[in-house]
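Engineer: One-letter residues, chain by chain:
Number of protein chains: 2
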Amino acid sequence: MTLRPVQIKHLKNLFQIGNDDQITHAIEKIHPSDLSLLFSELNELQTKRLVDCLLMVQKAGNTLKEIPEFMLPDILELISNHKLSLIIGRLDTDDAVYLLNKVPEGRYQEIFSPLDSRTRLNLEKLLLYPQDSAGSVMNPVYYSIPVESTVEEAIASLQKFPDRESVFYVYVVDGKQLVGVVPLRVLVLSDAKDFIRDVMTTGVMMVEASSDQEKAAQLVSQYNLLAIPVVNENKELLGVITVDDVIDIFEEEATEDLYNIAGLSGEDRAFTPVTTKIRKRFPWILLNLGTAFMAAMVVGLFEQTISQFALLAAYMPVVAGIGGNSGTQSMVVITRSIALGEIEFSKAYIAVFKEVMNGLFLGIIAGMVAAGVAFFVNMNAFLGVILFMSMMVNMILAGFMGSCVPLILKWLKLDPAIGAGIFVTATTDITGFFVFLGFAELFIDKL
Amino acid sequence: MTLRPVQIKHLKNLFQIGNDDQITHAIEKIHPSDLSLLFSELNELQTKRLVDCLLMVQKAGNTLKEIPEFMLPDILELISNHKLSLIIGRLDTDDAVYLLNKVPEGRYQEIFSPLDSRTRLNLEKLLLYPQDSAGSVMNPVYYSIPVESTVEEAIASLQKFPDRESVFYVYVVDGKQLVGVVPLRVLVLSDAKDFIRDVMTTGVMMVEASSDQEKAAQLVSQYNLLAIPVVNENKELLGVITVDDVIDIFEEEATEDLYNIAGLSGEDRAFTPVTTKIRKRFPWILLNLGTAFMAAMVVGLFEQTISQFALLAAYMPVVAGIGGNSGTQSMVVITRSIALGEIEFSKAYIAVFKEVMNGLFLGIIAGMVAAGVAFFVNMNAFLGVILFMSMMVNMILAGFMGSCVPLILKWLKLDPAIGAGIFVTATTDITGFFVFLGFAELFIDKL
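If you read the protein sequences in the order shown, they are chains U and H.
Under this note's numbering, the letters of the first sequence match residues -17 to 429, in that order.
Under this note's numbering, the letters of the second sequence match residues -17 to 429, in that order.
No false leads were slipped in.
Any copy will do: because identical chains look the same in the list, a pair fits if it lies in one copy or spans two.
Restricting the straight-line Cα-Cα distance to at most 30 Å, the calculated cross-link-like pairs of lysine-lysine (DSS-like) are: (1) K142 <-> K175; (2) K392 <-> K(-6); (3) K395 <-> K107; (4) K(-6) <-> K84; (5) K217 <-> K(-9); (6) K47 <-> K197; (7) K47 <-> K142; (8) K329 <-> K(-6); (9) K395 <-> K84; (10) K329 <-> K(-9); (11) K47 <-> K262; (12) K107 <-> K158; (13) K392 <-> K262; (14) K329 <-> K84; (15) K158 <-> K217.
Hints were generated in silico from the structure; no laboratory data involved.
Turn these sequences into a full structure, and let the hints steer you where they fit.
Structural biologist: The structure is reproduced here in structure tokens:
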């Protein structure tokens, strides 16, 4: 159960007046995920003490890995190399890699070298895979049995397996090659003398270590699995990705999509230091300034026309703005459909066509509303006609660009969301201004 | 394994020249999730035939539930009430509710009434809970044993449990009250004569049926569970939510966040009919038109100034645009932090402060760049000063509104993302125009 406010108060109080025994006793029964919330409540000295107590109850690593990413650097700074090495050595390999990732370069060697050789070997296996690959997030300590075993032997060897909590399936290997799988449920219900060969399921769903982690996550989600084995090109078992990791991957990917569209980096959260925020957002704002000035240049071309009829300046952002919003909608729909694997290139033209048609019709409707306003408020029918035409053109373009940009990015094997937002709105701004002011210049006598 | 293109070709061919036996034989070994992809490849007659064959191999329901939501209505229309009733009757209760949800009102009674009384009872249990509550997505058919059982008895009763595939934990009840849990792994490793009371874990993580489904999902994710039991206010076990449902919930929520920001509805996907797209997006575009005209009115106030100095019209969208983008960034960061449970109201003011500071500094930088452009391109230093001041003011406001709006929406128990986008950009547009043109009017003599 999540910590109640009174529990947090009690624990904070213990750090002020209690001794280590009392603290250790108090935290012993609390889930690491809850303990991780404590860190934001403590000062430096108390944080160090909490880490020491966590080490004593063997919970330090599992608690550290649950701490929000942006808080980790500050906390890691308070822990000595020796203690960090101890903590990382006791963690599951995938979690150890995660923490090692967060360690500043200068401290890396001092933390890595003291680890025992077996741990180092396991870590190195994972560190070789590219970022966001299935291999980089798998747990290389997995549980498998030879295909010639019996159920009884499988149970006996499970009994000896140290990291039993992460075992959801028994993987069956022939030599090193993965040939089958036995769910724990089947193990429970089989006779002790049964041969594994007879109770196992063949045709195991698996991913190659070099595949994208997203692929592993999609397979687990699509086929409702609890874990998916990771193999090399010869189908030899290398490790396992469990469903809890898959949930983390999905959360990460969902944040990424949202963030890419808005030009944010994943490290930018509510409590990230302001300096980091500024540094990360600055390039995006600069890029935005660039496109905004391009749009401004387009408007500048029509300076003469605007000074003749200044009302154009008021309506000009209406045309561009509605186009930008409509283009963003098309882009989000296509991006999300790509992320959920609902769209294939062979049928992408249908999706583009639908967005263009949507743009056409919404453009007609929005254009009529805008024309109505121009007519009744400004008593200027011709301004209405120009608004109507330019909104329709711009909305068609919005549908086209909004759907094509993510598809093209995907086709180039880039992230379909990244930069799509700015590219789409820059186009609709520039075209919106150009078409609207261009029509206005052509028919300036009638305005 | 996902279907390869050649397999799809082969299956399509079977529908043209093969007989039912051949089709049934072919689809028997294919996973429902893969079979669901076939529907988009078949015509009406072939679709009906596929449903019949699926019914024969008892895979119709599990395949239908995997079909992308937007395709379901058309396919359900091709299936008779009698067959749909059969299909729904064989499904897990939570999946049955999902399909029943998609059935048009006019057909509901004809499909629901023929179900056997026990299925109807189970369905009614779920149908009573509000949308998106834990109770509405749980599976009410769960596996539990009395606290006084032995391990041997537990295994024997699991053997008799019909829906074994969804059993990840053995829930232990005293009367009806949930008192403990035994992971399958522990069941495998315990002695047959052990008492469940001695091997079970107490302090089970659970959710109340009336809680939001998101809460259940967050608990499963946070504590790395495979399933979470759903209880009533007396801690009596009502059902179970499994981790595969949790992944679905997360995908749904991630789409929702993204869609709410862009003013889209969840039904709007790449291949949704154009008429649906238009209908769903129309109100949002209309709202956008409303705010755009408000911004246009603000610009209209300065018509006189603009006709004196038309270059203002070119720079005006720069001020508003950068503000809008910066405000959207703040909003996305805060929205995502709320969704991931990283932010509490007691500390929200810190997050707001950080976004305001970020706005101030980025405003200064962007303002200086813009001022430089105005100075060097237009040789107008005073225009630069005005740009600098108005961008700074607008960016501070962007940070403030971008962070406050989602927090206020959350505080009002509304979705923090919904409408936040339009509200934030409307504010930055209107203020951007007003501040920039206002400064310009004040200092028009110097321009």
